[in-house]
Amino acid sequence: MNQPTQPLLEAEDLTVRFATSEGLVDAVRGVSFTLGREKLAIVGESGSGKSTVGRSLLRLHPRSARIEAKTLRFGDTDLLTASENAMRDIRGRRMSMIMQDPKYSLNPVMRVGKQIAEAYLAHHKVSRKEAEQRALAMLEAVRIRDPQRVFAMYPHEVSGGMGQRIMIAMMLITEPEVVIADEPTSALDVSVRMQVLATLDDLVSQRGLGLIFISHDLNLVRSFCDRVLVMYAGRVVESIAAADLDKAQHPYTRGLLAALPSVDQRRERLPVLQRDPAWLAA
Amino acid sequence: MSDKTMIDVQHLDLSFGEGSNANRVLRDVNFHVAEGESFGLVGESGSGKTTVLRCLAGQYTHWQGSLAVDGAALGRKLDRARCRKLQMVFQDPYGSLHPRHTIETALSEPLAIHGIGDRSARIDAILDKVGLPRAFRYRYPHQLSGGQRQRVAIARALILEPRILLLDEPTSALDVSVQAEILNLLADLRVRDGLTYLLVTHDLGVVAHLCDRVAVMQLGEIVDTIDSASLTGSTPSHPYTRMLVEASRHYSREMAQAMAA
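Sequences listed follow chains X and Z, in order. Using UniProt numbering, read the first sequence as starting at 1 and increasing by one per residue. Using UniProt numbering, read the second sequence as starting at 1 and increasing by one per residue.
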């Protein structure tokens, strides 16, 4: 892996608070990380703030969210102070996000090909024809067998795995530098999941982009990603190379790994995670 | 585990649609589950695993073949005797509990339908059994976490004291740490009450943990039936089972390529 000297993304002491009727709620508390041209996983349970981190990078949060950080930089753009105009230029073009469920993320009344072309047209001054050519090429790149036919289909006509590949095509057609994938394969079957992951894997290595892979699946992350951030209650409790996950030090990471039922190791009882209040302060 | 057969499924066939549009979703499914055994059905979406449960639970009535529970053949119509014998726990604890009914209402409804008295004491007992505080009976589902809701769903299934639980992906909507708690609870309940489980899941880890035997389904057919002990550390002989096991262990590019081919 060729690590560039300057990371694609840099976050230092990122804090996200939501204003609710009961006052401010801390969703993310002091998260720091950098992203190079690599596959970085963020894992944690629901409510740990992993998706909130992903969304704050694109500033997709509602106004009730207060995003603060010492540094939140994408390339040479400061994401904290960037104007909405500048953000529109970044979102979808230089940094894009793949959502969990293609069923809800695709426009149900628009043909798949047109949607992908639209993503390109939103950022590039080209003819519709050329955009559609690119959309077709992109469908081929995500290994859809009959791109001509799929191009003319509506989202309800495609399967979940194909829908997710269409989402990936739509997000990558603008050739972004960073892709944030929020549980991109959780809704998919194992064999389809493998193929979608292989597609992502190829595109990351061929195009040299940075991938933030948000997931709750430790087994998957272990073999797919390069580095793992483990989040608990809005904090990164551990940052570790994916290959070394077995040697994780933090009791939370170890607890999560131990609680996974495994095909290879039968146990009478699964050890239940004991939460330590000290983790919140650490 | 005894030698007595608790669930017997013979030549189960099910189609939706008529004539040339007919879509055959179950093809000659055969298996049996002994009393006290835990039997797993695994497969990908659309393989028909949940459909088998629904036939047993009486949600589909136009099946062909024969189903028997505890030695008695099941009819097409859902009768009360069947509900006393077998109950189902659904996948999504957010969707399976009525949002405007308290836990007490949800738990007393089966008792009312079956004309069982002494409801308050039974609700206390069942809440103890699934590890929830008794005060939870006055709560609404939105006041509970996902794991607590799934405990309520299990309590609701168990309050009629059935012999069989049909479990449809009971932990796939839960976090790993919560999943571990629910799997432990299910294991304890089975030992304590001698329950028979028929578990549907796509997670081989869950099956290996909870089940004694596993049937692998593909396109409406059972393609392989194995002891879950033989999943552990070994390579299953059936190619489809092998693929599922490998895929659940880790991601690898070679495997993805082999699948695409």
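No lab work stands behind these hints, which were simulated from the structure alone. If you're wondering where the values come from, they're calculated on a predicted model, not measured in any experiment. Careful: at least some of the hints might be erroneous.
A short, non-exhaustive set of chain X residues, derived as facing chain Z with CB atoms under 10 Å [stated by the list, open to error]: (1) D182; (2) L188; (3) V190; (4) L257.
Glycine included, C-beta positions come from ideal geometry on N, C-alpha and C.
How the hints compare with the structure:
no.: 1; hint: D182; in the structure: violated (16 Å)
no.: 2; hint: L188; in the structure: holds (9 Å)
no.: 3; hint: V190; in the structure: holds (4 Å)
no.: 4; hint: L257; in the structure: holds (9 Å)
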